[in-house]
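J.: Sequence:
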Amino acid sequence: MEVNQNVVHATVGGGLHPSYTSSKYTGSCDNYQHIEVYMEPTERTPLLPSGRSSTSETSSTSATVLLSPAIYTKECINWRTIGLLLMFISGLVMATYLLWQQTIAVPYNGYKLNLIRHDIWSGAYLHDIAQLEANKVVNVYITHTASDECSENCASLLHGLQRAHIGELPFNFLLAGDCETYEARGWQYVSSFAELPQSSSLVLAFVGEFSQWLPSMCQLQMAQALLWESQRRLKLQPGYQLYVLRNVSRSARDADALHRQLQRWPFYAGQLEVN
14 MEVNQNVVHA TVGGGLHPSY TSSKYTGSCD NYQHIEVYME PTERTPLLPS GRSSTSETSS
74 TSATVLLSPA IYTKECINWR TIGLLLMFIS GLVMATYLLW QQTIAVPYNG YKLNLIRHDI
134 WSGAYLHDIA QLEANKVVNV YITHTASDEC SENCASLLHG LQRAHIGELP FNFLLAGDCE
194 TYEARGWQYV SSFAELPQSS SLVLAFVGEF SQWLPSMCQL QMAQALLWES QRRLKLQPGY
254 QLYVLRNVSR SARDADALHR QLQRWPFYAG QLEVN
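Every position in the sequence shown, counted from 1, becomes a number in the working numbering once 13 is added.
Watch out, some of these pointers could steer you wrong.
Heads up, simulated BS3-like pairs for lysine-lysine below, C-alpha to C-alpha not over 27 Å straight-line [unchecked claim]:
1) 149 x 248
2) 149 x 125
3) 125 x 248
Rather than coming from a laboratory, the hints here were simulated on the basis of the structure. Quantities reported herein were computed from a predicted structural model and do not represent experimental measurements.
Could you put together the complete structure from these sequences and hints?
T.: Here it is as C-alpha cells:
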C-alpha cells in the first residue's frame, strides 16, 4: 500500500524557488520517506490558496498547505475503535439473550413471597457452616417440623425449636402458618442432613405436623413462591428435582398427607426416608 502526503511551500510574488515535499507511506502509520520536489513559481496548483502579488520582496509571505500524518494515524485508530465497538455490541447481545432466557425459564406463578431474613428473627450463629454452591443447587427437599403449628407470633415458636435443637434449625427455609417464610440457613448455607447431597440441595420445612392433614393454602403458596424466587435469584437451577423428606424414626407414615400433595407438583421426583 502506498500513500503520498504532500507539503507545498510556495512564495507569493515569486523570487524564491518553492519546494514540493512528498512523504511516501510504506505501510506503517509511523514510517515515511521524505522527498523534496521543486516547483516553478508560475506553476499553479489547486493545493495553493490564491494570493495577490506584492511589489516588495520584504513583504512577501509564504503559504503552506499540509496534509498531516495524523490522517493516517486516525485511520489506524479507527480500526481499533471499530474492533472495540464490535466487542461491546457482542457482549450486549449476549447479556440480553441470557436475561431473556432467564425470564422465559421461570414463569411467574402469581404468589407473593413474604420473606423474613435470618438477621431479623434469629440470633443463631451461622458463619462456621459450609456454603451452598448456587450454580449446582438442583435438588429441593420438602418436609415438616412435626411440631406445633402457629398462625401468629410464629417467631416465638421457632425460637423454642432452636433451643431444643441447640443452634440453628437444619432447614434452609421455614414456611409458617402466619403466611411468612422465615430464612434459617437461607440460600447461602447448607442444611445439616447428612443423608442429602448438601452442597446441591435446598431443604424447606412446613412449620407443623402434616402426616394426616395438609398445610394451609397460604403455606403451600409460600412454598411455590419461594421456589420461583430461588430460580429468579439464580439460587436454584431450572429443571430441579423435588423430593419429599420423611423421618421414619418418628412414624412410618411421617408426612404422608404432605407427600400426597407434593406428588402433584412440577418436578416431583420421589421421596427420601431418613432416620
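J.: For every hint, state whether the structure bears it out.
T.: Tested hints:
no.: 1; hint: 149 x 248; verdict: holds (9 Å)
no.: 2; hint: 149 x 125; verdict: holds (25 Å)
no.: 3; hint: 125 x 248; verdict: holds (18 Å)
Violated hints: none; the structure is consistent with every hint.
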